[in-house]
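Note that the protein sequences, when read in sequence, are chains A and B. Here the first sequence is numbered in the working numbering, starting from -15 and rising by one per residue. Here the second sequence is numbered in the working numbering, starting from 614 and rising by one per residue.
Note that these hints are calculated values from the structure, not bench results. You can trust all of the hints, since none of them are fake.
Rough simulated footprint, nothing fancy, chain B against chain A, three-plus residues with beta-carbon under 8 Å:
{"hint": "1", "region": "-3 to 4"}
{"hint": "2", "region": "81 to 93"}
Some, not all, of what chain B presents toward chain A, calculated at C-beta under 7 Å:
{"hint": "3", "residue": "Arg673"}
{"hint": "4", "residue": "Pro695"}
{"hint": "5", "residue": "Ser712"}
{"hint": "6", "residue": "Leu713"}
{"hint": "7", "residue": "Ala714"}
Everything numeric in this text was worked out from a predicted model, so none of it was measured. Glycine included, each C-beta is placed from N, C-alpha and C at the ideal position.
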Amino acid sequence: MNAPTIQTSGLSPWRVEWLRVWRTRRLIGLLFVYAFFGFGDPLLARYMAQIIGSATNSAQIHVTVAEPIPADGMIGYMGSAMQIGLMVGLAMLVSACAIDASYQLAIFYRTRRADLWTLLVPRLTVSLITMTAGFALGMAAAWYETMVLIGTPSGAGVLRLLAAGFCYQLAFGGVAFLLTAILRSVGNTTAIAIVLVLLSSILTTWPSVARWSPVGLTDYASVYAGTTGLGTAIVASLVIAAVAIGAGTTIAQHRQLER
Amino acid sequence: MSAPMQGDAAIVVSDLVKDFGGTGLLGASLTIPDRGVTAIIGPNGAGKTTFFTIVTGLVRPDSGTVAIAPTVGALAYCPDTPVFERWLTASEVLDQSASLARRRSSASNAELLARCGLGEVGSRHVGGFSRGMTQRLGIASTLVTDPRLMILDEPTSALDPVGRREVLALLAELGTERGVILSSHSLADVEKIADTVIILAKGRVVFQGALDALLRQQERPVWRIRTHGRAADLAPILAENPNTVHSEARSTSETVVQMRTMADGERDLPRMLAESGIPIVEMVLDRPDLDDAFAAIVAEKSPR
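Same shape as in the complex, but just chain A (with noise of 0.2 Å):
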């Protein structure tokens, strides 16, 4: 019989991890839909009034439309941004971590790994990663389609508002990990996490509410202009991603596997 020997390289998790967002074409297509709604939001911010006016072409109607500044084309990219890129980022992320969706490959990670969280943390970690580089690129398209089509956006703005997605995909990702944890069904937990990202929204008519929670990030025309703090929503955002991953992960771990 063969000698054993510890195993010290090869195919470790983190690398599956990046196969598996490369192979699969997770990362592109994520990338796509950021650099979609980039490119495409100044667009429109930009040819609004253009766009409003034909669609209104009647002697009874006449609708004026500010003209479009920066801030524009920045904050419609983030309203995009926030809604559907990161609806598409939590799909991802929870075909990543349900290790347990299906029984017989679940057997084979728990059977050869007893310490579960050094599988989970490498696939949350690179989903989220994945996430915000496709989020930071989108939104270096928009800025950059906004300078074309509208002017220069405030730097510190842009830096605000990337500041305010990173946290709130943090967030969100975090309470679809949870929820992947608990539920185990890729399809259930998605359309959870999805409802719960549209859900959130309410949240704004709730100012001193909002305040207090990943919803106060998404008053983006207050965040670019810098005229709203940001501190207790960040600090909302990064304890609920901290909880919800560290119960996701205790869950997981502690969970018996079924059928």
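Let chain A serve as the given structure and place chain B on it in line with the hints.
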């Protein structure tokens, strides 16, 4: 889950219960030797897979103990239809398996894949594999971790007859160097390679022991006697013996005779045949195969 270990035992299970509403394991006690091929057989729902998932730590039992010998160290489990990440190559699956288990056989991926009949497809993505190829890869992915004990749930269920023969030969070979536990519904396969047989029925062990012992246990004192014709003459002669239970000519050249006991047959039959003057071609004990033994023991000992 702890219990004292017995010598040369890899796994000792006592009164194991995992009740899924009347199915699962309902008080199973058994011992798995640390070498050779041990086959766990039983009807559907007997508790075979439940036993595997408990032993591998995937599921916690309701009660009972499982003791795994410290010498076993690494234990590997391959389900009946293993699944891998579709976008990895076969060779990468082995690397991933070894990396996850933090153990690696000194054999190369190419050697292991060739041993499992996948020598030509190491660089192909497993998403395009047939069920049989995936099943072979499942065995290779356990072998790469060089386990002392391999648990294989129906390892030949997706294989064609040639593939079946190859994998059975591989498992028999592996059984000489480590412990191999397998389940199978193909009793012919089990009969070919198993050293020890454990029969589960309705969540309990109804037989455990060597395959030969199982077959011997089910032997009945029935012999088939082949002659050059004259079977119709021989049957009444044998029936005259007071120790004969039944004697019947099955064809012109075959007579079947049942005696009261094995000893009666071994003592009386040669004498009666010699005295009959009928030329005998052969006289063989009508031994049950594993199918017969399995059916008989499950019917006899299954909990009501």
